[in-house]
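Engineer: Based on the provided sequences and hints, a complete structural model is requested.
Note that the sequence shown covers residues 435 to 859 in this note's numbering.
Please note: incorrect hints may appear among the correct ones.
Result set (BS3-like, lysine-lysine): computed pairs, CA atoms no more than 27 Å apart in a straight line [said to hold, decoys possible]:
no.	residue 1	residue 2
1	K658	K677
2	K488	K508
3	K677	K508
4	K508	K481
If you're looking for bench data, these hints aren't it; they were derived computationally from the structure.
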Amino acid sequence: MLTRRDSLRLLAGAAAGVAALPALSTRPAAAANRVWTVTGQSSSSLKPFDDTLKSYMQARNIPYGSLAVLRQGKLVLARGYNWTTDTFQAQPTSLFRLASLSKPVTATAIMKLVQDGRLSLSATVAPMLGLSTALDSRLGNVTVLNLLQHLGGWAVRTQDAPNYLPDPMFSDFDIRDTLGVPLPVTQANIMQYVSTTRRLDFDPGSTFWYSNYGYLLLGKVIEKVTGLPYATYVQQSVLSPMKITRMVQGRTAQSLRRSSEVPYYSQYGGTTVLDGSGAWVPAPYGAFNLENMAAHGAWLSTAVDMAKFTTIFDAPGLLTQPSLDAMFAPPSNYNHTDPSWYGMGWSVRPVNGSRSTWHSGSIAGTTTLMVRRWDELSWVVLFDQRDDPSGLGYDAEIDNLMHQAADSVPSGSWPSTNLFPSYGL
Numbered sequence: 435m436l437t438r439r440d441s442l443r444l445l446a447g448a449a450a451g452v453a454a455l456p457a458l459s460t461r462p463a464a465a466a467n468r469v470w471t472v473t474g475q476s477s478s479s480l481k482p483f484d485d486t487l488k489s490y491m492q493a494r495n496i497p498y499g500s501l502a503v504l505r506q507g508k509l510v511l512a513r514g515y516n517w518t519t520d521t522f523q524a525q526p527t528s529l530f531r532l533a534s535l536s537k538p539v540t541a542t543a544i545m546k547l548v549q550d551g552r553l554s555l556s557a558t559v560a561p562m563l564g565l566s567t568a569l570d571s572r573l574g575n576v577t578v579l580n581l582l583q584h585l586g587g588w589a590v591r592t593q594d595a596p597n598y599l600p601d602p603m604f605s606d607f608d609i610r611d612t613l614g615v616p617l618p619v620t621q622a623n624i625m626q627y628v629s630t631t632r633r634l635d636f637d638p639g640s641t642f643w644y645s646n647y648g649y650l651l652l653g654k655v656i657e658k659v660t661g662l663p664y665a666t667y668v669q670q671s672v673l674s675p676m677k678i679t680r681m682v683q684g685r686t687a688q689s690l691r692r693s694s695e696v697p698y699y700s701q702y703g704g705t706t707v708l709d710g711s712g713a714w715v716p717a718p719y720g721a722f723n724l725e726n727m728a729a730h731g732a733w734l735s736t737a738v739d740m741a742k743f744t745t746i747f748d749a750p751g752l753l754t755q756p757s758l759d760a761m762f763a764p765p766s767n768y769n770h771t772d773p774s775w776y777g778m779g780w781s782v783r784p785v786n787g788s789r790s791t792w793h794s795g796s797i798a799g800t801t802t803l804m805v806r807r808w809d810e811l812s813w814v815v816l817f818d819q820r821d822d823p824s825g826l827g828y829d830a831e832i833d834n835l836m837h838q839a840a841d842s843v844p845s846g847s848w849p850s851t852n853l854f855p856s857y858g859l
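Structural biologist: In structure tokens form, the structure reads like this:
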């Protein structure tokens, strides 16, 4: 049974490729030296959200966070939170790595192509992308819809399923050694490696297993169909129509951090995958290759921009009602005794004749969560850390706390103002 909490763990765990690395790397300032500051706009009735972020971040010594809250499509809270001694201050317009919140963005771009008649959900991916099916003929049956719903047939090793192979998106050294190519490995290298060395673990369409690699393939499908770089098509066809201009693809190296981008922290480090130097680096800055994760984990965004993105799904506009319905529909293998399912880029749960949809993201240096509740409340919360010596949890815990904060705001005290115009949205 795919419960809400299980979904959050699964979505986060899929990107956990550096979680067990043994050495301490980037250290934020000691808690005793930190100062708590808040930027942005809110109202006194929404203080439970500010209180929640303060207690959550201080318990885990998280330096930077950001939160955007919507009610009935209006932005009612836009905050940056700082628990740090650094001169950099997180604003509502500060950029954070989204990690797997990138997947709903990619799914929306795919559905836009389908809606425009340029792509079919039943299109098979291997012939489109020139993937070899010699090792496993079932690869030739994997469709665009299978990839969107994580039904492509690939499994990856998790704590609860240790007998599967590791996520290929975090297998740079094995890919290098198997193919005899230099670091950094490319997306083309990853595709060759998977299609020629790994048989599918399940028949396509039969079994849900969260797959970063499947979304890499969706990014390549977008490029194949449009003739444009993945990010260019997304920015032109999905983001710009929503007036979202700050979202960009992130870069791995610390030296390439953007001026409005938060720094990332982890207690772990690893050998760089960006070159063959063997250098030990902080986990967020080279223990994985963010550029290769373009379609499943590489977007940078502000909380307010992602909040605007969520409004695509509130009513027909960029996407038609049939497109919206298709994105949230249960997959063909859905077990109707389960309370929720993974649609196209969103987890979905029917509630009170409506539905709640959500996605989380987690990678070294990043924890993110995007929720659209059945009662027309939505929020996006972003952090620059996902692990610390306290051992406290991150993704599922902030999910529960955000619901508690929302439920503690009296129904008649929600502000009616809309802050989106303040941020050019």
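Engineer: Confirm or reject each hint.
Structural biologist: Comparing the hints with the structure gives:
For a cut-off of 27 Å, the pair hint linking K658 to K677 stands: about 26 Å separates their Cα positions. Restraint check for K488 and K508: satisfied, since their Cα atoms lie roughly 24 Å apart, inside the 27 Å limit. Proposed proximity of K677 and K508 is supported: the alpha carbons are some 15 Å apart, at most 27 Å. Note on K508 and K481: the hinted pairing holds, with a Cα-Cα distance of about 18 Å set against a maximum of 27 Å.
The structure agrees with every numbered hint stated previously.
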